[in-house]
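> Spelled out, the chains give:
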Amino acid sequence: MTTFTPSIYTLPSIPLPSNSHPTATLEEQQETESLISSLFGLLPPPAQSENSTTTLRKNEHTQFLASTFFKLPGKFVSLDASRPWLVFWSIHSLDILGVALDQGTKDRIISTILKFLSPLGGFAGGPANSQLPHLLPTYASVCSLAIAANSGSQGGWEQLKDARQSIYNFFMDCKRDDGGFVVCKGGEVDVRGTYCLLVVATLLDILTPELLKNVDKFISSCQTYEGGFACSQFAFGDPSDNETRASMAEAHGGYTSCSLNSYFLLSSLANLQLKSLDENYPVKIDAKAALRWNVLQQGESIEGGGFRGRSNKLVDGCYSWWVGGTIPVCEELIKREKKLKAKSQGKMNKIELVDEEGKEDKEEDWVDEIPTPPLFNRVALQEFTLIAAQQEAGGSGGLRDKPGKRPDTYHTCNTLSGLSIAQHSTKHSSNIVSDNRKKFNSTNGLPPIKPISENGGWINEEERQIARREIWANALGWIEDENDELIVGGKENRVNTTTPVFNILGLRLKPFINYFYCQEE
Amino acid sequence: MSVATSSYIPLAERNLWHDIKPIPQDDGPNPVVPIMYSEEYRDAMDYFRAVAAAEERSERALELTETIIRLNPAHYTVWQYRMATLLALNKDLEEELQLMNEFAIQNLKSYQVWHHRLLLLTHISPKDPSFEIEYIHQSLLPDPKNYHTWAYLHWLYSHFYTLDRISNQQWQNELKWCEEMLRVDGRNNSAWGWRWYLRVARPGTDLEKDGLKEELSYALKAIHLTPHNVSVWNYLRGLLRHFKLPLSPLLPAILPYTTRPSAKIPGNPQDLDFPLPSSPLADDTPLPVSLALEYLADTLLEQGLSAEAGEVFSELSTQYDRMRAGYWEYKRRECIEE
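Protein sequences appear in the order of chains A and B. Note that UniProt numbering numbers the first sequence so that position 401 is 401, with each residue one more than the last. Note that UniProt numbering numbers the second sequence so that position 148 is 148, with each residue one more than the last.
Simulated from the structure, these hints should not be mistaken for laboratory data. Given the structure is predicted, the values throughout are model-derived calculations rather than measurements. It cannot be assumed that every hint is accurate.
[Unchecked claim] PhoX-like mimics (lysine-lysine), calculated; alpha carbons at most 20 Å apart, straight line:
| id | chain 1 | residue 1 | chain 2 | residue 2 |
| --- | --- | --- | --- | --- |
| 1 | A | Lys288 | B | Lys244 |
| 2 | A | Lys402 | B | Lys145 |
| 3 | A | Lys405 | B | Lys109 |
| 4 | B | Lys244 | B | Lys176 |
| 5 | A | Lys288 | A | Lys341 |
| 6 | B | Lys145 | B | Lys176 |
| 7 | B | Lys109 | A | Lys75 |
| 8 | A | Lys213 | A | Lys161 |
| 9 | A | Lys106 | A | Lys175 |
| 10 | B | Lys244 | A | Lys284 |
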């Protein structure tokens, strides 16, 4: 196993060569290399032993999260418009650490989050009598409800169910012709907004063709020459045109994650020949180039094997999730590309064979069976987390960007989410998706969303049901290969399994999405 | 930045606000993640809620939004209200732009500050945006990789290009400025991204017709200057993929970094008129360069030599780039499949 995931402690510690040409970037890189490698030099490799300097200090991190959950000092005012995020980062971190919340705390979370629900539709960054709804807090609020709320009356899910149409209307208010979304009234347009919107629309069963229109074009034109994705794009001409669009900055881990996760959700409706969607929906991206870019962001052993967020920038714990967490998604998108290619080649035969009933059900099982080596160094990322990203033992707890930086809730959540991805081998399984399809009961569902424009909805009920089925079946298609679990530093370090794309635990995702699609289990 | 102190005079005690009944934040009982606001922030927000509920567009509302933004520059609702009020009152937006310059200097950098700036420029819509371009250039000097600033620069050129307000001279100057950024730090990936926009992505440039070869040479020269610089490798590969060019013609310029004798590479053209590496190579240039090996492997694949390509990937996996051992192994297996 470790053939493909060598430990930092077994790799030579080689600085980025200067090529006798020092620049500011090289200097910063060297500082970080010495900071991290000296820490690795001081600490032994994480092992089963009771060495508190290298174990995952779950208690300390729990304390750290608890210390700001019920009261934050005034200096946190800069996060006053991100309070749903404070909730999400904290309770998702606790979920990953396996810390259960008591019902009293859950009730407080539910009532707090529901105060953020705007009568205009969508959630605000704080109480709705103070702030406008915004796409990002909407994701954080909905995921927080998935984690802490329930289906009982006053349990949060019911209120969310009643808000579906208003949330949808808010989403349509945010929509622009070029396929982008403003994050709030008068706000900026970038792929964070797209991602947050698509996750919520997927979970609440409120996707429509008018909402999806041109979103694929927007996302695909954020892909840069490097393979990663930029924050946004600019459409110079007609929005239906894909050629005159340009990405609006360099590739970046956060935006790459948002883009590829969005594309995963969009491409669950690929290849179905739905008349409700554009003929070439979704326009292609280069998934192989995206994988290469993500993989190249993993730092060298001298910088502890953490991920950086852009080429030639410094490693940072938060990219454990943004970049590491996107690698399983890249793997799936490449599989989808291959499948599509295989299908289009096999299609000729299918026409000749005429109408072969039941053939559709026989999914290409081979896709699941090709063994792939781990696509990034799962051991090194765990070592980075344990050695470099944890606040020093006996301190405040929490996880951080890198040594010397203060821990915060955001870094704690994203570092732990990445740790979960490194420990567990999660794959999107076409067998599971097939089974889900068979299980899907299309007679059950919440009231269909009323589109804003006259022809904005699904062209007919049949297509609406196909779309619902595919979205639901694919969202629940992530599975963990338990034989491929890989935990550095002993079983005590094990954390729970988060779901790629959504970043909530699988055991949270399933009941929540089933509630909104009215599916059993 | 001001902080609440005991000398703070509550708005209720100020004549200007006597007619307003403040509205408290509706958090409900026992909220989680409550913030212990300063007196000044809480007070300002209580009045902001009242002002916003009445949709009051006034000077005092503007002042209030400024107070809040200075305390919390990420308050998107207040930014939105401020912009709408500026427009409703027909305020001098150039003055607002000056204020934003001050904000940027105070390092109050956030999504909202930059977006507010973008809206201001859209509304001011100057005939010649060069003053703004100059301002952005200046602000990149101390912070040459600020993502917001670079994204804004992309927008600035794109937006004013569609209004036909970017002269040819301006484009040329920009390219020179970008080259200077790259000369100062050729590892600045943001600057490479900007070059891509200027040379390839923006409309009105036709690299294929004039200067594609020159661009490839530019990238190769940069590789020869810093062969371990991933930014240039990505730029070069990006060019080749974008213009659907074969990798093999450039291979002779890259082979020295692979430590492989060129004779072993079949179909290697000898008469190359692309820049070659310096001989000897600069100090501190350990070989082989893994990105050069990747280039070699992809060239071999392109020539249908998948077994040979697989060997190179295997070397990357087992010897030269062990951090990515799994990925190179994946690439190796792909060679066998195909």
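> If you draw a straight line from the CA of Lys402 (chain A) to the CA of Lys145 (chain B), is it 20 Å or shorter?
19 Å, holds
> Holds or violated: Lys244 (chain B) with Lys176 (chain B), Cα cutoff 20 Å?
27 Å, violated
> Quick one, are Lys145 (chain B) and Lys176 (chain B) close enough, alpha carbons at most 20 Å?
Holds, because 18 Å separates the two Cα atoms, which is no more than 20 Å.
> Would you mind confirming whether the straight-line C-alpha gap from Lys213 (chain A) to Lys161 (chain A) stays at or under 20 Å?
The hint is violated at about 24 Å.
> Please verify whether Lys109 (chain B) and Lys75 (chain A) have alpha carbons no more than 20 Å apart.
17 Å, holds
> Lys405 (chain A) and Lys109 (chain B) were given as a pair; does the straight-line alpha-carbon distance stay at or below 20 Å?
Holds. Lys405 (chain A) to Lys109 (chain B) sits at ~19 Å (cutoff 20 Å).
> When you check the alpha-carbon spacing of Lys288 (chain A) and Lys341 (chain A), does it fall within 20 Å?
Holds - the C-alpha atoms of Lys341 (chain A) and Lys288 (chain A) are around 14 Å apart, at most 20 Å.
> Hint check: Lys288 (chain A) vs Lys244 (chain B), CA-CA at most 20 Å. Holds or violated?
Answer holds: Lys288 (chain A) to Lys244 (chain B) is near 16 Å, not above 20 Å.
> Taking only the CA atoms, is the gap from Lys106 (chain A) to Lys175 (chain A) under or equal to 20 Å?
Outside the cut-off at roughly 33 Å; violated.
> Can the restraint linking Lys244 (chain B) and Lys284 (chain A) be considered satisfied, given a maximum Cα separation of 20 Å?
Status holds; Cα separation ~16 Å.
In terms of the numbered hints stated before, the structure departs from hints 4, 8 and 9, listed from lowest to highest.
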